[in-house]
Each structure stands twice: as structure tokens, then as C-alpha cells.
Amino acid sequence: MSELAAVVGMGQTKHSSKNGEVSIAGLVRESAEKALLDAELEWEDIDAVILGKAPDMFEGVMMPELYLTDALVANNKPILRVHTAGSVGGSTGIVAASYIQSGMFERVLVSTFEKQSESNAMWALSTTVPYAPLINAGAGGYFTPYMREYKRRFNVPEHIGRIVAVKDRLNALKNPYAHLHIPDINLEMVEKSPMLWDPLTFLESCPSSDGACSLVISSERSVTDNQLPAWIHSTSMRSEPTMYAGRDAVNPQAGSECAKDVYKKAGIKDPIKEIDCAEIYVPFSWYEPMWLENLLLADIGQGWLMTEKGHTSLEGKFPVNMSGGVLSSNPIGASGLLRFGEAAQQVRNKAGEYQVQGAKLALGHAFGGGAQFFAMWIVGANKP
Amino acid sequence: MSEEKILEFEAPIYFKYSYTAGKTTTSFLNSIKKGKLVGQKCPKCRGVYVPPRGSCPKDGVATEEEIELPDIGTVESFTINYLPIPGGAVDPPYVSANIILDGADLAFMHIVDGIDHSEVRVGMRVKAHWKPKNEWKASLENIAYFQPIDEPDLPLNHLSDEKNA
Amino acid sequence: MREVAVIAYAQTPMTRDAGAQNEVELIMQVVHQALDEVKLNQTDIDFTCSGSCDYLQGVTFAFVDGLNAVSSVPPINESHVEMDAAWALYESWLKIQMEEADVALVYGFGKSSPGELRSIMTLQLDPYYLAPLWPDSVSLAALQAKAMIDNKMITEESMAKVVKRSRKNAKSNPNSQLSGDFSIGDLLSEPIFVSPLRKHDCSPITDGASAIILATKEKALSLCRNPAFITSIDHRVETAQFGYRNLTSSPSIQKSSEVINLSDYSIDAAELHAPFSHQELLLIKELQLNEEVSINKSGGVLAGNIMMSAGLDRIGSMFNLIKSGKVRTGLAHATSGPCLQQNMLIIMESKNE
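Residue numbers (our numbering), protein chains in the order written: chain X, 14 to 397; chain F, 3 to 167; chain D, 9 to 361.
Chain X on its own, in the form it takes in the complex (with noise of 0.2 Å):
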């Protein structure tokens, strides 16, 4: 049997296009000190740390695990390095978890970050091999024909990404770390903001920002009575390829397995119900109806009824992004574990403004590749 885990604290920076302030060590040291306070612990008491970041490209240091370590105060501790492109900062925090899991380790210090603006990350990312054309410019570019595909399949209004784009704007005004804070934004404005991929106007898209973010993880026997604990029901991971004859982009096999699994191993049976809230990877307007339907939320083709009811609001029935999510801070090795945070942070009643009153029960989702990589925990504020 696996060890109980639970998340005892939570620690971010404020995510900004361009954190000047400080070095990279400097931001990701900044979010492992707050979650150290948060779970009232000293740097030795951490047994291990679990480093999550995108390609080191985006920063120009190569396995940057070994320049934190003084930083991480983890000199003679175990670290390790995960890279799963946009899933990384929950596969880091699965990874981090299962340090715990396997009974191991009492307590581990887990740290995403992106510092996008000590480098190019456009230029990163649009590297290319020398023998096809360059046509497709970051995520944007390849995510949008998936996101019109979803639109015609379903004969979805066009109001609805815009929708999501208002909704998680006015919670990040909730939320004192997030990158966007536009307080007057309405429909009307996403709606006049610059095309950038049709159907996508740049309001509907994520930013780019610096950020960091750690969480504590600690054992059962580990937890102390002043922490609040969010105690790890399942997490689980699938992957697929990015192009495989007969895959379906919108709806991707990987993501919907991905969350039966999360839900089996919690023994949820109804997610819709059981789950109070939830922390999604939504980078892009669209994403939060195709995902609702794809995390078995909704029914195919029903997931924008969701969202145009006003059901994933804050108030709503099933409130998603509470924090404001993707679209809102973008630190893009951080952003699965901000996901993965925020849902703990909801259940530990520690959510300030954007709590969502008695939440017991939350899912962290964060996907990367071509929507290809999977990951996923439930935390809950009882145990297992």
C-alpha cells in the first residue's frame, strides 16, 4: 500500500511578463520560502527536492537542478529534474508526491519556475529542423485549429471563449499573484483585442510571465496540528503521441483515461457531483469546454453549456479556474503546479477572496506536447 501524502504549504511569486528583481535563483528561491512558511517548517526539515521546469532553452541554463541546488538549500539532499512539457509542473508534483507515496521520504520541497524573460522563449520554441517551413509560431498557432475544429463540430456560439476569457480575468482580480489584473475587462474588450489565430483574439490567450511556485509535501505521520493539510486522494499521468493515424486532437484518449483513472484510484464515481471545484489547464479560451468534456465533466459537445450558464464561474455550480488559471499567469514550468496548488489551496480553506465556501474536494489538471501529456491529482480536505 502507498503512503498518505498531503500538500501542508503552498508558496508563489507575483507573475509579471518580466520579474527584474531577482535572478532565477531569486524567483524560485522566493515561492520555496513562502510554502516553508505556509507549512511552518525550517529548510531542514525537507528531505528532498523535486525541480519542474520547461525546456531550458527558455532560460539558457542547461539542467538548471544543478545551479539551484544553493538555493534550494538541497546540497546532500536527493534532487531531481522533471520535464514534460506543459504538464511539467504536475508531473512534478506527482513525482514529488511519490517520493512521499513510496515511504521513502517524510517531507519534500517541490519547486516549479519559468523565467521566460531572461531569454527568448518565441525564438525557443520555434526552433525548426532545416527542411520544413516555419508557419506555426508557438502553442497558439498549432492549438487554434483544434479549438475552430471543437467550435464547427459542435456548432458552438462564438461567445463562449470570450466568456472564459471575462470569467478568469475578473477571478485573477481576486487573486493578489496574478500576472493580469484588468479590472474593467468585459466581453466587448476581449472581443475588439487583436485577432492573433482566428477564432482567437489575444485576450483569449494566455501571457507569457515569469513566476515560480513550490509546495510542501509531507507523510501522514509527518503532518503536524497547526498545518492544514490537503491530503492526496490519486494522481495519475498518461501520455500519447503527438500525431498517430486516427487520433482526435479535440478530445484527446490520453486526457479522458487519464481522468478515469485519477477518479477510480479516489473512488469517485461521479466527478461532476463528488468534485467541488477544479484548477484547469485552460492557456486558451477554448480549452476549458473542450477539457470539461474531455475530464468527463460534461457530455461530449455539452461542455460550452457549462460555461455559458455561468456554471464555472466563482458563484457557479462547478467553479473552474478560481485563481484566475493559465490565462491570467503564465509561468509555464510553474503552471501545472499553480494548478495543482490551487486546488489544494481550496480545499485547505486558504484561498482567500477566490475560496470557494466548503470545498472539500478539488482536481489539478495540467496537459503539454500537442495535448499529448497528461496529469492530474484530486486533494481532498478529509483523508482518503
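Hints may be right or wrong, so weigh each one.
[As the list claims (entries may be wrong)] Only some residues are given here: those of chain X computed to face chain D with a beta carbon under 10 Å:
{"#": "1", "residue": "K66"}
{"#": "2", "residue": "N89"}
{"#": "3", "residue": "F386"}
It is worth saying that the hints were derived from the structure and are not from the lab. Note that the coordinates shown come from a computational prediction; the quantities given were computed from them, not determined experimentally. Using N, Cα and C, we set each Cβ at its ideal position, and we do this for glycine too.
Add chains F and D to chain X, keeping to what the hints say.
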């Protein structure tokens, strides 16, 4: 005492790589140099991949059987790009589309042109518009773009994206 | 703790330039070979984990293409470390401990031939103070070798002995890149490359891939005649600041030796991941290995060094020794970072009577 705040310094990194295309891609590139699109068939699932990658990502087995494909296909999904890319092949706005060639089981991304952007649609039949022969090299860029042909749109359930829907 | 063993290992030939073979083609060979060795399919694998580094091939998300070598439809439970695949093996071992998996596939791959490896490795250093000065990996290792010579811990002759043994042992390793019989005199007459290192003191630039399959005791015994059980495993890192390090010792190795209770075992053989000849001598000293321990029977990384897989290859090489019955209890070591900054130790044992 006030000190100047140093917020930034430049430390550029330049590396040269001699990229290896691999056996399969080399063969594909040699064909496209002659204006031919040659894909590969998976020995297990019989899926046809173009450009071929030497393996069927689904089955994780090597693909060796080669098959020449026409330069005609169908738009599977697309978007209109408004964002310029440094070093990009074309200036925005342009249509990038996942195009599935007749006889292939997997789309690849290329440009669609020769039509008003607002008229591009999923299921639309398109044909490669090749650059002049004297500009051909070992690259998919030999195809300048795909343009519509006078054929009825393909019923959407023929497209691979619909198979799992 | 669940008992876990290595049950299969496959490695491509180690070559200076795999040329037309790309990473997917390299990985596919070893994954199929390892699975075939124990007659398993990808669907029998509960967890898959790989190790690689984007900077080697100069492509972001290199591991994403790598996955095309593995059958991943239906979707698989999979992860990746941007590290040597020995750490992917560690992650897999944790998944087996927590009972999420009974059988795991681990692979690592690296083609160092396309890029400028010595300079690329510079990017592992502090990006503000050290990397902009561009100290390369060989020069940093040379600093360490010089410090050891000055401390009278080693001599150029003792380093040459390491090389001589490596090349000789590599003769019986069909995958080795460099092998042969050399005299100490021959080796010492070679010109200095980066003082005090000669070219043969440095591991070569190598292309290749390798794969390992791990299984729980029950599965291992049903699939493999003589599996190599992982009795004890630990990994540690030390400071990145060269000014703080005493390059002639390794606190992380000392700590890991304690954690795995190394002194309790009677070690027959060790596979040490020492990219430079003097580092093998440092490891032997820090691990307190006596002269009866046979070192790097495979030739070690001086005979071929698949970056991001070389650590996993040490574990695989030890598995080969145990499986063939030549070794009963062995020690495998993996490293990462400049001058042995990060280290992993694994005790591997045969349970056959």
C-alpha cells in the same frame, strides 16, 4: 549612497548543430526534391504517414514500406494567423491548415492560399501549388502552399478527427 | 520496501557519430531489444520513464519525439527527467515502491555528435557569474585533476593506469567505442590536451541509447533467470559554487554511502560513472573500494559515453555481470553535473543460490 541598479546584462549563446535528418527523412527529402511526396505504411496498423518519421508512433514499430501519395488532399482543421513569426515563411495574415493527403492517415501543417481566407473550410479539397522547379530543394517548402480545387467538399466523417468523436 | 530488480538491459553500439540514425531510430532498437529479452510488450509495462537533454540535439522537447519509439496507443503512464536516465530509473523505482507499477521501462538517449558538447556543458553553470566566462567541461575537470595531483592523491601515471584498464576491459564489450591494449608508456607519451589531461583521460563523444526493464521480485523471477536486485539506492547533489567545493572530495558520495550502508556489503565489482580518468580514482577513494573490487569491467565511460544514458549504462553493465553469474554483489554509480556534482549509488545483488 545610491548605487546604479544593474537589472540586466547580455550573455548571448550561439551553438552550431549539424542536424541529422535520419534515414527515413533523408529518403523523404530526396523524393520531394524531385517533386514527389512519399509516405510510409505501418506494418501493424497499416496507417500511412506523410511526412514519414520512420516509426508508427501508435505502435512504436519501424515503418519501412514506402508509398507515393498524390499532392491532393483535404483540409482537416485550420486557423488564420495574424501574429508574425521571426523568420517565418510568410507574412500574416495567412491560413495554416492541417492537410490530410489522399491515401494518408495523418495530416501535416501547411499553408492554404489562392482563396479568400474567409472561404477556407474544413473538408475543402486542396492541391499543392509547387514553387518553380528551379527553386526546388530538399524541403517541404518546395510546396509554396495548397490551393482549392474544383471538387465537392469531403464529407466530414471521412476525416480522421471524426473517428473517435 | 518492495524488492525490485533489473531484468533486462539493451544498449546500441556506442559510436562517435551515429550519422543517419536519428534519436527515434536509436531508441526503438533498444526498447524492442529489452522487451524481447523478457518477452514483454509495451502493454505489459505499467510505467515508462526516460532521460534526455534538449541541448544535446539543440531541439526543445526532444523527448516528445523520442516517445514515437515507444508504443503509446492506448495512452501510457509515462514521465521524463531532463537528467541522466539513471534518475528516470530512480523515479520508476519509486513508482514500484508505491505500488503504482510492477514493471517499468526506462530509457535514455543522447546524440552528442551534432553539437559542440564541451561548450554546451558550460550552460550547466551559474548563468550570471560563471557561464558567461565559458569555462568548458574539460577545463573544469582539468582543474579537479590538477588539484588531486597537487594533493598527491594521484599521478599522471595512476591516471594512465585507469585508461589502460578501461581500454583493455572494453575489448570484451561488443558495444564499446574505444578499446585495445596500451602500455603506460604509450599513454604517457601522448600530448597534453588540457593540462594535466590527455585526450584519453576524457570520455569520448558518443551517440547512442539504452533501455532497462525493472520489475518486482515476483515478476522478475518469472521473467529472468538471474535478475539483479536493487538492494539499496540513493542519490545526492552538492553545491554548484566551485568556490565552495573541495574538488578532491565528494560529500554527496560519502553521505549516499552511509545511507545505502555501503560498508555492510561485500562488493565484488563496481561500475563507476567517471567521465575523466582521475574521477574514477576519486570515486574509488570516496567509496573506500579495496583492490579486490573489480572496477568497470565494461570499460566504463572512458570506452564510450552516451550522454544522458551513461549512468543508466552503469546499472545495465552491472546487471550484465550479475546475470551472467560473474558478480554476486555489485555497486553501480551514476553522476551528473560538472566534476561529479551529483551522484547516485545503487547496490545490486543476485539472489540465486
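Hints and how they fare:
1. Using the Cβ-Cβ criterion of 10 Å, the hint placing X:K66 at the interface with chain D is satisfied: the shortest such distance is roughly 8 Å.
2. Restraint check, X:N89 versus chain D: the minimum CB separation of about 5 Å is within 10 Å; hint holds.
3. The closest approach between the C-beta of X:F386 and any C-beta of chain D is roughly 8 Å, which is under the 10 Å cut-off, so the hint is satisfied.
The structure agrees with every numbered hint stated previously.
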